[in-house]
Amino acid sequence: MNRVKLLFFATLRDRAGTRSMELDIPVDLTIQGLKDKISNEFPNLKESMSSVLITINREYAFDEAVIPLNAELAMFPPVSGG
Amino acid sequence: MSTENFPTIFSITEEELDLNELLAQITLTSTGAAAIFTGMVRGETKRGDAHDTEYLEYEAYVPMAEAKMKQVADEIRERWPVIEGIAVVQRIGKLFPKTPTVLIACTAAHRDIGVFDAARYGIDRLKEIVPVWKKEVSPSGEFWVEGDYFPKAGE
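From first to last, the protein sequence lines are chains A and B.
Start counting the first sequence at 1; every next residue gets the next number (our numbering).
Start counting the second sequence at 1; every next residue gets the next number (our numbering).
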């Protein structure tokens, strides 16, 4: 298994009810696989998965990307700074 | 002076933005022009869905946001190599109407070689790729403002 850290921001943090969690995931899990896992295990977040942005080690990541060992992942809505 | 010596400031801060101090930091002896964009909390919105705002609460994924602000500055330098100093600063926390929230400033030797376009590019890019969000709090409730840009691979 691969132990990763998952951070949540903005609406995702409100729905998750936490700023961060540690997750054990299969070593070859992709971002799409992570979305599926989150949808199954955290019903509150299921609806958010269709428009969420996900980062791996502080870079934007896409569905087919494989999650590296001990990655820092984050989930958040499209940004609204300024 | 080589490009490596040109000052680049990028930061997320909870402190008040000192526009004069930031401008001084990106002004060189060869500088003759600066374009400074600053955004502030708008208390009364008339365009579109008219509403009042009591305050905005900003949050950021700080280490990634600062890295992406540096990327914005790098992109500005690629497009406008004559730009001398660049400052990209976002304030976070609870911010009330009329308070400056963000600053993008670019300096150059002259006003007609791209400083306006460079600063405009900087604020537009910040709003696309820098992970910062704001929650709007108004007399009728509160909601997270969400953008509409989905970064592509390599952004």
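If you are wondering where the hints come from, they were derived from the structure by calculation, not from laboratory data.
Yeah, the Cβ is synthetic: ideal placement off N, Cα and C, and Gly gets one too.
Check each hint, because a few of them may be wrong.
Cross-link-like lysine-lysine pairs, in silico, DSBU-like; alpha carbons within 35 Å at most [stated by the list, open to error]:
hint	chain 1	residue 1	chain 2	residue 2
1	B	K152	B	K94
2	B	K46	A	K5
3	B	K46	A	K37
Stretch-level coverage of chain A by chain B, calculated; a stretch enters the list once three of its residues show a Cβ under 8 Å from a Cβ in chain B [as the list claims (entries may be wrong)]:
hint	segment
4	14-28
5	39-47
6	51-58
For this session: Check each numbered hint against the structure and report the violated ones by number, ascending.
Result: Violated hints: 2, 3, 4, 5; rest satisfied.
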